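Trainee: Start from the sequences and build out the full structure, keeping to the hints where you can.
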Amino acid sequence: MNFLPFPENISTFGVELDELAHLITIITMTAFVIAEGILLYFILKFRKKPGVKADYIPGNSWKQLKWIFIPLVVIVGLDLFIDEKNTHAWTLIKQNIPEKTHYELVEITGQQFSWLFRYPGRDGLLGTSDDFTSTNELRIPVNETVVFYLKAKDVLHSFFVPAMRFKQDAVPGRTIKGWFDATKTGTYEIACTEICGAGHSLMKANLIVQSKEEFKQWFESEAGKVTLPAPGDKKAPEIAPSAASGEHNTAAAKTEHQVASGKDLLQAKGCLGCHSLDGSKLVGPSYKGLMGRKEMVLTQDKEHEVTVDEDYLRRSITEPNADVVKGFSGIMPKTPLSEEELTAIVNHLKDLK
Amino acid sequence: MATEVKQHSVSPHNHHSELSFWRKYIFSTDHKVIGMQYLLTGLIMVFVGGFFAYVFRMQLAFPGQGIPLYGKLDANAYNMMITMHGTIMIFWVAMPLLVAAFGNLLIPTMIGADDMAFPTLNMISYWVFFISTVVLILSMVLPGPMAAGWTAYPPLSANGYPAQIDFWGSIGGSLWILAVALEFVAFLIGGINFLVTTFNMRAPGMKLMDMPITVWMMNIAVLVFMFSVGPLVAGAVMLLFDRSFGTGFYNPAVGGDPILFQHFFWFFGHPEVYVILLPGLGMVAEVIATMARKPLFGYKAIIYASIISGFLSFIVWAHHQFIAGIDPRMAVFFSFTTIMISVPFAVWMFAAIATLWKASITLNTPMLFALGFIGEFLLGGVTGIYLGASAFDIYAHDNYFVVAHFHYALIPDVFFGGLAAIYFWYPKFVGRMYNETLGKVHFWLTTLGFNMIFLPLFYNGLKGEHRRIFDYSAWPSLMSADMTQNRVIATVGMLILCAAQIPFVINMIHSARKGVKAERNPWKANSLEWVTASPPPHGNFETYPSVYRGPYEYSVPGREEDYWPQHLPQ
Chain A
1 MNFLPFPENI STFGVELDEL AHLITIITMT AFVIAEGILL YFILKFRKKP GVKADYIPGN
61 SWKQLKWIFI PLVVIVGLDL FIDEKNTHAW TLIKQNIPEK THYELVEITG QQFSWLFRYP
121 GRDGLLGTSD DFTSTNELRI PVNETVVFYL KAKDVLHSFF VPAMRFKQDA VPGRTIKGWF
181 DATKTGTYEI ACTEICGAGH SLMKANLIVQ SKEEFKQWFE SEAGKVTLPA PGDKKAPEIA
241 PSAASGEHNT AAAKTEHQVA SGKDLLQAKG CLGCHSLDGS KLVGPSYKGL MGRKEMVLTQ
301 DKEHEVTVDE DYLRRSITEP NADVVKGFSG IMPKTPLSEE ELTAIVNHLK DLK
Chain B
1 MATEVKQHSV SPHNHHSELS FWRKYIFSTD HKVIGMQYLL TGLIMVFVGG FFAYVFRMQL
61 AFPGQGIPLY GKLDANAYNM MITMHGTIMI FWVAMPLLVA AFGNLLIPTM IGADDMAFPT
121 LNMISYWVFF ISTVVLILSM VLPGPMAAGW TAYPPLSANG YPAQIDFWGS IGGSLWILAV
181 ALEFVAFLIG GINFLVTTFN MRAPGMKLMD MPITVWMMNI AVLVFMFSVG PLVAGAVMLL
241 FDRSFGTGFY NPAVGGDPIL FQHFFWFFGH PEVYVILLPG LGMVAEVIAT MARKPLFGYK
301 AIIYASIISG FLSFIVWAHH QFIAGIDPRM AVFFSFTTIM ISVPFAVWMF AAIATLWKAS
361 ITLNTPMLFA LGFIGEFLLG GVTGIYLGAS AFDIYAHDNY FVVAHFHYAL IPDVFFGGLA
421 AIYFWYPKFV GRMYNETLGK VHFWLTTLGF NMIFLPLFYN GLKGEHRRIF DYSAWPSLMS
481 ADMTQNRVIA TVGMLILCAA QIPFVINMIH SARKGVKAER NPWKANSLEW VTASPPPHGN
541 FETYPSVYRG PYEYSVPGRE EDYWPQHLPQ
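From first to last, the protein sequence lines stand for chains A and B. Take 1 as the starting number for the first sequence in the numbering used here and just add one per residue. Take 1 as the starting number for the second sequence in the numbering used here and just add one per residue.
Please keep in mind that the hints were generated in silico from the structure rather than gathered at the bench. Certain hints may be false.
[To be verified] Listed below are the simulated DSSO-like cross-link pairs for lysine-lysine, each with C-alpha atoms no more than 27 Å apart in a straight line:
{"#": "1", "chain 1": "A", "residue 1": "Lys294", "chain 2": "B", "residue 2": "Lys72"}
{"#": "2", "chain 1": "A", "residue 1": "Lys63", "chain 2": "B", "residue 2": "Lys300"}
{"#": "3", "chain 1": "B", "residue 1": "Lys358", "chain 2": "A", "residue 2": "Lys49"}
{"#": "4", "chain 1": "A", "residue 1": "Lys45", "chain 2": "B", "residue 2": "Lys72"}
{"#": "5", "chain 1": "B", "residue 1": "Lys358", "chain 2": "B", "residue 2": "Lys300"}
{"#": "6", "chain 1": "B", "residue 1": "Lys440", "chain 2": "A", "residue 2": "Lys48"}
{"#": "7", "chain 1": "A", "residue 1": "Lys45", "chain 2": "B", "residue 2": "Lys358"}
{"#": "8", "chain 1": "A", "residue 1": "Lys53", "chain 2": "B", "residue 2": "Lys300"}
{"#": "9", "chain 1": "B", "residue 1": "Lys517", "chain 2": "A", "residue 2": "Lys66"}
{"#": "10", "chain 1": "B", "residue 1": "Lys517", "chain 2": "A", "residue 2": "Lys48"}
None of these values were measured; they are calculated from a predicted model.
Mentor: This is the structure:
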């Protein structure tokens with residue numbers, strides 16, 4: 001039986017959750033309709049009539065109170081029944097998390113206002129130098145158990161995949177393990193459901209469930225793009241990252257002594273979550289053809305035109321909301337960057353055509 | 001003992017005529033004036049909180065378009081408004097209206113006392129509350145208002161870590177924390193007063209089990225409030241320090257934990273639901289018993305059930321945090337307690353319905369609102385079972401299903417319950433009758449508007465509509481025809497609900513001036529507040545009543561009258 005207006009379910013455990021919801025609906029709605037029916041019937045039936053006095057029924061003896069205690073026992077029984085079914089579903093989804101598998105491992109990081117996904121690379125281990133990342137796009141293979149580690153960089157976020165019936169808050173300073181197993185290929189929405197600032201409404205990612213072959217192909221091609229450092233540099237595998245918040249292992253942190261390229265930084269710092277490279281309009285304006293572009297901006301509510309130059313780019317990163325491009329909202333968070341990193345990013349932005 | 005205290009405090013009121021206007025109406029120590037001050041402040045704040053709801057519901061139905069009386073809404077203002085809507089409706093409407101206003105008006109008059117035990121403290125309570133209201137309003141207009149939802153979870157509410165301290169630039173949010181803390185101080189003072197008054201100043205002969213159920217509920221409510229509020233005040237101070245002085249109580253990088261605040265918040269936040277709910281239920285029970293001309297069914301069973309629910313309310317809080325990152329094993333326990341807390345409230349609902357069996361019901365405005373409370377609250381109650389089930393909560397948390405659920409719990413309570421109480425005791429405390437026709441129009445429009453808003457939101461919630469989204473246009477899966485249509489229906493419902501309050505305001509103002517003068521006991525009710533004049537004079541009673549029986553002796557066999565006031569000797 002399927003009468004609740006849920007979106008399509010594509011996870012193995014989602015079935016349990018949907019069944020639980022239907023069970024609760026049948027039980028509670030039956031009780032609800034009976035209670036409302038009796039209430040309405042009494043109101044209609046026992047209206048004031050001339051010369052008719054109400055009955056004196058104080059309800060202080062078992063003989064009278066049984067009329068509320070017998071239904072109460074039924075309710076307790078039904079409550080326990082629901083609770084038992086619930087514990088089963090909950091344990092399956094949140095408590096008994098499978099051991100990590102090989103490819104199907106990913107680190108998910110929420111940040112204002114995008115989702116960052118880090119894959120383990122060819123060695124199948126997160127936290128090693130062959131990891132690769134993507135922003136706002138999570139690819140997983142169908143019919144495989146995917147184990148993930150959920151983190152947050154700045155504030156609370158909540159990782160919600162309606163089609164998977166899955167949600168988990170991402171908390172700074174914590175790494176929360178979870179799992180799911182998709183049963184159908186396709187593209188689905190991933191939302192942030194914990195208010196995280198002005199851009200919360202736009203914090204969205206796509207879940208792309210692919211066939212095993214397609215996924216493998218994509219994975220290999222992405223893994224192949226990773227430029228590995230000299231063999232001696234390889235860090236020890238590390239699954240559970242350190243507890244310190246803001247300490248986010250990214251592609252940028254690959255090489256410690258030398259500043260990562262501007263291109264990598266855009267990815268690592270989450271810039272690409274809001275600014276596209278292909279000209280499409282996301283949360284913020286696109287990077288495509290940025291240098292020399294004329295933009296109408298609002299500076300303290302006054303509108304004027306600027307031509308994008310190096311100074312403007314620097315200011316827009318260090319003081320994100322000083323000049324806000326018309327048609328966008330001033331919601332960009334300040335991102336802590338070293339002077340070298342800032343220069344690398346600005347130089348890279350200048351080159352983007 | 002009880003008699004002694006009362007008699008000591010009776011004498012000073014013999015020369016009340018000398019009081020100046022200021023002492024009589026503004027800095028008054030009379031519990032009735034203070035109750036009215038709380039009532040009016042609450043009713044003014046309902047329009048502020050309601051205005052925010054109007055603005056953001058318009059935005060949700062018609063995203064990006066200019067909103068009449070406001071203009072274009074942006075994401076920051078939207079987040080501020082949803083925060084303020086929640087804060088105001090709970091702390092500046094429900095609390096002052098149900099607890100402070102009616103507690104003040106009813107406790108002394110129902111137990112036959114001349115005033116509260118500590119009248120000056122009572123006045124201080126209101127004025128601290130008044131200052132908190134001013135601070136709250138300042139917090140909205142000064143820079144950096146709180147925009148992290150009414151739960152104000154850090155790090156967002158602390159402006160992120162490492163703290164970027166901008167004391168003046170974020171003064172609004174800091175004042176918001178201060179306003180909430182001050183408001184708690186006001187209700188702590190008021191709560192102590194309620195307890196002392198109830199336990200020491202009852203009329204001779206009034207045993208605890210002779211008290212009207214309202215007095216019981218008010219006292220259980222303030223006890224629950226007083227035991228739960230401490231941790232949140234401490235938590236709020238820590239949050240204030242984090243955002244204003246750069247401490248790191250909730251900053252994991254220096255050993256703090258953001259989830260700690262959530263525990264502080266909900267350890268208070270969940271009991272708070274019952275703090276609001278119990279007085280509402282109590283007053284509605286008063287109306288139902290009187291208008292049904294029947295004893296309140298299972299008076300003692302209800303009281304015991306309410307005390308049990310008060311205890312249980314302290315061990316359910318983590319159901320707000322099932323998916324917050326707490327140990328998943330905790331959810332099994334909290335899910336069980338949450339589902340079980342439905343039991344005492346089932347007692348309440350069954351008792352209310354059973355009271356109507358073989359009754360003689362008069363369907364006037366207060367009775368309509370009281371029955372509306374029961375009918376609507378049932379839906380709020382049963383949908384709570386869904387959310388108490390932790391596994392379903394994985395899907396429904398921070399979703400419109402939750403929004404619809406708690407509005408179905410709180411609006412029947414605060415709105416329907418509060419209005420039932422306002423209409424029921426209007427003749428007593430204003431001294432004139434309200435207009436019945438306007439009252440009925442008010443009831444039916446309110447019921448229509450309310451259900452139109454929140455029934456469609458249950459549907460949208462099941463479809464996956466998540467909360468606190470400023471503009472759904474960015475979410476293709478939430479822009480299906482049925483869902484956008486539901487958003488419009490909900491907004492139209494909101495407009496109807498707003499319009500429904502026009503007859504109410506007219507009724508209240510017009511009847512206060514032109515209404516038929518009310519007799520002492522227009523409803524032929526039993527409890528002591530109906531013994532005295534309408535409105536009661538300073539000092540409440542011309543002669544102080546003694547009590548001979550419980551408050552619900554309606555339709556006692558063998559008596560000619562269908563009521564038997566508490567103060568009449570055998």
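Trainee: Work down the list of hints and note, for each, if the structure agrees.
Mentor: Against the structure, the hints:
{"no.": "1", "hint": "A:Lys294 with B:Lys72", "result": "holds, 26 Å"}
{"no.": "2", "hint": "A:Lys63 with B:Lys300", "result": "holds, 15 Å"}
{"no.": "3", "hint": "B:Lys358 with A:Lys49", "result": "holds, 11 Å"}
{"no.": "4", "hint": "A:Lys45 with B:Lys72", "result": "violated, 51 Å"}
{"no.": "5", "hint": "B:Lys358 with B:Lys300", "result": "holds, 20 Å"}
{"no.": "6", "hint": "B:Lys440 with A:Lys48", "result": "holds, 18 Å"}
{"no.": "7", "hint": "A:Lys45 with B:Lys358", "result": "holds, 8 Å"}
{"no.": "8", "hint": "A:Lys53 with B:Lys300", "result": "holds, 24 Å"}
{"no.": "9", "hint": "B:Lys517 with A:Lys66", "result": "violated, 44 Å"}
{"no.": "10", "hint": "B:Lys517 with A:Lys48", "result": "holds, 25 Å"}
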